[in-house]
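Chains W and U supply the protein sequences, listed in that same order.
First residue of the first sequence: 1, per my numbering; consecutive thereafter.
First residue of the second sequence: 1, per my numbering; consecutive thereafter.
Honestly, I wouldn't trust all of these hints.
[Unchecked claim] Below, computed lysine to any residue pairings styled on SDA-like, alpha-carbon distance capped at 25 Å:
#1 W:216 - W:198
#2 W:272 - U:135
#3 U:145 - U:165
#4 U:66 - W:39
#5 U:150 - W:7
The set of hints was computed from the structure by calculation and includes no laboratory data.
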Amino acid sequence: MNDSDMRNLLAQALPDLDPPGTAAGTEPDAVFTRVDVLRRRRRRAAAVAAGAAAAAVVAAAALVPTWTGGPDSHAAGPLPTLSATTGPATGTPSADPTTSPATGRATSAPSTAPASSASRPNTPATPMSAEDLVASFLPPDTGTVREQKFSNTPSYTVNPYSGRFLIAKDGRMGYIDVVVIDPKVNPDQPNLSLAKARAWNYCEADGVGPDNYDCKSEDLADGGIAKTWTAPPNGQEPGSPHTNTGGYSIAVTYADGRYVSIYVTRGLFNAKGYDPPLPAHPLTESGLKTMGMSTAWFRP
Amino acid sequence: MPAVNERDETVRAFIEARRRALLRSAYLLCGNLHEAEDLVQTTLVKVVMAGRRLERLDNVEAYTRKALMSVFIGSRRRRWHREKPHATVPDRPAPGTDPELALAVRAALSAVPPRQRAVLVLRHWEDLSVEETAHVLGVSEGTVKSQNAKGLATMRAALRAALPDAGARFADPEEAARL
Numbered sequence: 001m002n003d004s005d006m007r008n009l010l011a012q013a014l015p016d017l018d019p020p021g022t023a024a025g026t027e028p029d030a031v032f033t034r035v036d037v038l039r040r041r042r043r044r045a046a047a048v049a050a051g052a053a054a055a056a057v058v059a060a061a062a063l064v065p066t067w068t069g070g071p072d073s074h075a076a077g078p079l080p081t082l083s084a085t086t087g088p089a090t091g092t093p094s095a096d097p098t099t100s101p102a103t104g105r106a107t108s109a110p111s112t113a114p115a116s117s118a119s120r121p122n123t124p125a126t127p128m129s130a131e132d133l134v135a136s137f138l139p140p141d142t143g144t145v146r147e148q149k150f151s152n153t154p155s156y157t158v159n160p161y162s163g164r165f166l167i168a169k170d171g172r173m174g175y176i177d178v179v180v181i182d183p184k185v186n187p188d189q190p191n192l193s194l195a196k197a198r199a200w201n202y203c204e205a206d207g208v209g210p211d212n213y214d215c216k217s218e219d220l221a222d223g224g225i226a227k228t229w230t231a232p233p234n235g236q237e238p239g240s241p242h243t244n245t246g247g248y249s250i251a252v253t254y255a256d257g258r259y260v261s262i263y264v265t266r267g268l269f270n271a272k273g274y275d276p277p278l279p280a281h282p283l284t285e286s287g288l289k290t291m292g293m294s295t296a297w298f299r300p
Numbered sequence: 001m002p003a004v005n006e007r008d009e010t011v012r013a014f015i016e017a018r019r020r021a022l023l024r025s026a027y028l029l030c031g032n033l034h035e036a037e038d039l040v041q042t043t044l045v046k047v048v049m050a051g052r053r054l055e056r057l058d059n060v061e062a063y064t065r066k067a068l069m070s071v072f073i074g075s076r077r078r079r080w081h082r083e084k085p086h087a088t089v090p091d092r093p094a095p096g097t098d099p100e101l102a103l104a105v106r107a108a109l110s111a112v113p114p115r116q117r118a119v120l121v122l123r124h125w126e127d128l129s130v131e132e133t134a135h136v137l138g139v140s141e142g143t144v145k146s147q148n149a150k151g152l153a154t155m156r157a158a159l160r161a162a163l164p165d166a167g168a169r170f171a172d173p174e175e176a177a178r179l
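Just chain W, with the same shape it has in the complex (with noise of 0.2 Å):
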């Protein structure tokens, strides 16, 4: 069986395509109307965030630019909403390129970091540094921890625990996303309800793919609900200017509305300003649930 009998086979094996009709949905009306509806989603996700930003102009607006879909959408966990009639917003954090890690908060290393999960702070009496705080959740050595700074954001946040941690070890990096809405913190900001982020499925397709796998759900004793995904390498989508390696997510929302949401992948190919990816990823996935499960995020 050479190269020629092989493509004859293969044809032998396709049905006949070319009748008006078949497979409609691969005709330009159809595939640009899809894409309508994925664009329209997308405004919709921004134009929340911005309705968030009205109520909360300086908190919300902090978010937007650095959470509103890209080339590695599928990462991390959806914005929380407030409308009723659309779902989590699907923004999600997306490693601009163009922007570099900037000098952020003082480096937090995580060796001088409580290490055991019996002395990390749940209830912590003083508030510590957002660095700080995620370097305590941290396995001893995985490197040090350091926020990056957006050049397109603000320097305020809708909460001082929010943001990109960049996680640095032998000239390799990986970072963790992590969104908090506290409303003791800010009384303004729309938050998630129970009900909705109960319903929220983070793996459902959004026909750009891949998508988010292994979704997995939790009551928590308090009421909350955690919810836990996968999300794949975006590396495959061609013409991507960088490649995530992917990563795990948690979303745990609480009845008075308090949320966290915690993004973890040993980093990004290619990327502007970012090192090669860690070897691993800087946590497991339950030592992921631990950290998105703490209640040091909040104000007691």
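The hints should help you fit chain U onto chain W, whose structure is shown.
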């Protein structure tokens, strides 16, 4: 770079010109017309949405081929989408095809693991070189060669089993030379 509408029109023309060829490749990959339609639509949606990054038409072509393979392999990676070999007769056989052979080839293709199948389609249907196939799939040329060899071996074995009377036709060239 063209303006948005002009760019959309260019992509629209590209879709019209290429969609059936894509559909054929997609069908060979997945063995199901409805799924092939979904694969191609998802691929073309990516192409349209990536429009701003694709300045030249040859970029669009390369992007589209990569996207199709990426969408296909991604669909096979999901846990809820494990493949089961099947050999469904198409609704409308292509003119001039041998139904028995068509069935056997589809069954043989479905027995080939997805990545090897992608290599077979790119190498033998789309007529790409080893280097081009490696680029599309993001693997080394050595991987392409080995996956091609394994895929062909699986197909030959499946075809010989399905069509014992035509066994010699599907013999390994090296085996045939030894006979």
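Tested hints:
Only pairs whose Cα atoms come within 25 Å are accepted, and residue 216 of chain W paired with residue 198 of chain W is accepted, the gap being roughly 11 Å. Annotation: proposed proximity of residue 272 of chain W to residue 135 of chain U holds, straight-line Cα distance about 23 Å (limit 25 Å). For the proposed pair residue 145 of chain U and residue 165 of chain U, the alpha carbon gap of about 29 Å is over 25 Å, so the pair is violated. As the CA atoms of residue 66 of chain U and residue 39 of chain W are separated by approximately 22 Å, the hinted pair is consistent with the 25 Å bound.
For the given pair, residue 150 of chain U sits about 17 Å from residue 7 of chain W by alpha-carbon distance, which is consistent with the 25 Å threshold.
Consistency note: the structure conflicts with earlier hint 3 alone.
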